[in-house]
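> One letter stands for each residue in the lines below.
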Amino acid sequence: MPDLIAKPALGLAPVTYGAVTLAEAAWTSVHSLAPFPGGEAGVNAALAPLGLGFPAPNSWTAGKDGAQIVWTGRAQAFLIGARPPADIPAAITDQSDAWVTLHLMGPQAREVLARLVPLDLRGAKAGQAARSGLNHTPLILMVEGPEAFRLMTFRSMARTAWHELTNAMEICAARRA
Amino acid sequence: MRIDGKGRVDRTRPVTFTFDGTAYAGYRGDTLASALLANDVRLFGRSFKYHRPRGLLTAGAEEPNALVEVVGPANVTPNTRATVQEIFEGLVARSQNRWPSLGFDLMEVNDLAAPFLSAGFYYKTFMWPRRLWEGLYEPLIRRAAGLGRLSGRHDEGTYEKAWAFCDLLVVGAGPAGLMAALTAGRAGADVILADDSSEPGGRLLSLDPVPDWLAGVLGELESLPNVRIMPRTTVTGAYDNGTYGALERVGLHRKTRPALPRECFWRIVARRAILAAGALERQIAFPNNDRPGIMLASALQTYLNRYGVVPGKAVTFFANNDSARDVARSMIAAGVPVTAIIDSREDAPDEPGTIVHRGAVVVGARGRLGLREITLRKGSTETRIATDCLGISGGWNPTLHLTCHMNGRPRWSDDLAAFVPSDGAIPGLITAGAANGTFSTHGCLAAGAEAARRSLEALGLKAPELALPEAEDRPYRIAPLWAVPGKGRAWLDFANDVTTKDVTLSAQEGFRSVEHMKRYTTQGMAPDQGKNSNVAALAVLADVTGRAIPETGTTTFRPPFTPVSIAAMGAGGRAEGFAPQRFLTSDQASRDRAAPMIEAGLWYRPSYFPKPGETTWREACDREVAMVRSTVGVTDVSTLGKIDIQGPDAGRFLDFVYTNTFSTLPVGKVRYGLMLREDGHVLDDGTTARLGEDHWLMTTTTAAAGLVMRHMEFVHQAFCADWKVRFISVTEAWAQFAVAGPLARDLLTSALGRAPGLAFMGCGPVTIQGVEGRLFRISFSGEEGYEIAVPTRYGEALFRDLVARAETMGGGPYGMEALNVLRIEKGFITHAEIHGRTTAFDVGMAQMVSAKKDCIGKAAAARPGMMGSEREQLVGLKPLTDSPITAGAHLFAQGADLTRPNSAGYVTSVGYSPTLASWLGLAFLKNGRARHGETIRLVDRLRGVDVLCLVTDPVFHDPQGEKLRA
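Protein chains in written order, with the working numbering: chain A, 18 to 194; chain B, 6 to 971.
Taking lysine to aspartate or glutamate pairs in the EDC-like style, the calculated list, with each CA pair at most 20 Å apart, reads:
1) A:142 with A:161
2) B:858 with B:684
3) B:674 with B:777
4) A:24 with B:597
5) B:729 with A:57
6) A:24 with B:777
7) B:729 with A:104
8) B:616 with B:812
9) B:260 with A:187
10) A:24 with B:806
One side only, chain B facing chain A, incomplete, derived with CB under 10 Å:
11) 167
12) 255
13) 265
14) 266
15) 577
16) 586
17) 587
18) 651
19) 655
20) 722
21) 734
22) 739
23) 801
24) 806
Just so you know, these hints were derived from the structure itself, not from any lab. These numbers were taken from a predicted model, which means no experiment stands behind them. Virtual Cβ for every residue (Gly too), placed ideally from N, Cα, C.
I would like the entire structure built from these sequences, with the hints used as guidance.
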């Protein structure tokens, strides 16, 4: 048990405007995983015990015991909630503290995202993912359902992301009032 | 005057508002224009140049005259079109461009001076003396000529930007747009139906009666989940890849409410689009045709049937086509006397209930503040008719502007005497209905359905059968008439005060091209962008230059179609919203110590940590520098870019991007590296540690972190994509703190519970208070220095811990100011020195460009002129007297004239060194390395600094590096 106190990126309570709620996710381990050229088969084999494979572009999948993997770019994925397997032919870095994870939920969640994210989310389905922007902060978007989205952005920019999201939520609620 | 029983305004919902301080009443559903007309207000504004009294010309977004200021609690919005602004309880509006009042405007004297103020007047008159232009002429002219004024304050209202996506965007909810949306909606396509009015229906809402089927169609569209109706939304521009800009008036028609945006700027991405924006009626130019009370016949129709308002007691019409007849019939049916219809066509039909003057034209109008009388001429006979309202119809121009936004050119149709859009001008966009030159209601309905069918086919959807509602299908009969010759000025462009004479003058003076005419006369350059005048102006130009209209051509319509406020386009970007803010884990701890923050690379970093009794930043900075030099200091360096590089080819890759060799670096060691751009100039510097055989960690400067990452991605993807190397930013994953000073080792021993045991430029894993971290022995201060990194979530705790330990040892935190002085004392460079125009040679690191291997930028750095005595080279400066020096100052040889060619270099960084009790500077000096020991004159004319300095080596402190290797 470390003597240093761990702090969340924001440490804020969830907020709700109208029918949308924004919440900061609890800390979880996140590792980047970048297969070396020719290492794809080896990566898939190494991930198999977790119930995962290297994800297709713009997708994420859930495996065993809460392990998840999300595509984050060309030859790059983030493994969430599981220790990366040993002897995997890929470059691994610990990204757990580099990102803040937010959950945006509710019937108007897409309306809120339409203010900040330049993606067509009309047919958003669980399992989709995208590397994009949340206004001007970087974004990894994971669709958990038509009304539930997981957003990951740089930890240092968490306050800006939170401000912009709550601002958009407030505006969407005011438009409906 | 309000007509009982007419109009769609809600008579059960009265609304009060003020205009120029007078309270008026209207109804919900009224625009400011219709409500004021109902109160018999005819005067709405003053013209741009001559300050002529002006009334309404139109009932829509194209209005050139009735521009007003809307005064809100927090902002004043100038140039608001009264025809667009809906009234709400408590609305405050006022007229603009007049003094002292709208009815009595002293600047109307300009109108008397009109003979001198023709087109080109300013260009010709204020040419000399040239120096008076900026200071005298321009401010004077701007005062006299103009539109609304900005408040001069920040617009703190709420604005919004948003994205929308659809299969089919339908622009305009008139008959064509409604049928298009209905057809596509029934087929299951995702449809956005955008309309600029408060209520969909387009010109159908101006008919008497409004067709029964309209409510049914709107009801069905509203019930379809795949159809999104966007009222009050003007599509303002067509851009690449099916992207359209649109401005929605969200809160402008109601009282300000917290968080409710005033406007939203939409970026709509549509797979297909249908432009069904209708057509704009045009006027006919004749002398004094701008008198208040003269307006478009279609506007009269809208005011009567949609708002139940008639702007006069006896209405007269002047037309060259049949469309004014419907308006006349509506007027007669509503009990408003129609004095006469003046029809320029010899074969014009009769009209029951009024007199038709065939083959006649209006040649004059009287009534300065409101029309009283017109003069008509038939053959050689002139007759005066008393009338307070004249409706004009000079034909219709299809609203094709959007089709020109990607350089498409419209086509002239002789039958319609109008430009019509060219097919395929915007990829994926079809024009339908009046916007395409189809002017009957039936034709519009059919065209809308057909455009939807074609769009659905392209989308791979099947169009359903659709029975079109019954509607009139009369042919459009027009005999072109643009301007009536006669004495006096006949207005073309009301908004910019351009007359037929100005266009003629332009042609006479050689500005015969339509583009030249536009710029010479300013026709079409006002907020209405010539919607009411372009075609007529070029028809007049064609006439005076003896060319046909298609040969004369038209100017280009560019986005936006109607004005878009910058506040909407930049929504959320005001003040701190301009850029994301990045906060360190130590942020709160620094603020707790009252450290002022400065922004660097979006990060907020502490400048210095003031202590009680310190009154200036210099005192704090001097103390912190002395502290690091004598005990120990702690500073947060997490902002430096950190790039994790892995793979068997990682060393090879580093050799390629860095000038010096890294592949030979042993594991557990750190090396300083220099990176060049492809053009041979320095891109960045930093250190890279070898954490394992195939595992490296690069550190970049704060500001260039993203730049270096991008550069490396480029190099990898463009030159060596097949190499076994992978890299990713881990900047955000680690909180990293520099611990520097003679007691740095003691501090770390206390924090780690063991001696760090690292030689200079060593690195290795470390466990600190139960947390796995990394320790580097590197120094940016010249003292024995360490950097310790832990996962970011432990950053704040570690910072507080390290600072507390430092304080027990006589040390403490230090900020950016001290950090800067420390590195200047040591001659370490930052982006002040590697600013993009300096080479490795310039900064004294030519020997770091390895001769044994190639690297990015090496060849370019060897070009002639990139090294040699003619280059400005990095030197140190020390003033001979005890006086401050400044960065940005230039260097001159003693006795040389202070002229630009004599500048021998410039100063990049300065600071006061408490260690050496002197100001110190880093500078680039021509052939500087050979000039150590010389005296040079430092001059900063902006800040009045003129000091003699000694040229030295850039390393002032511990030149042998004994302290950092201790």
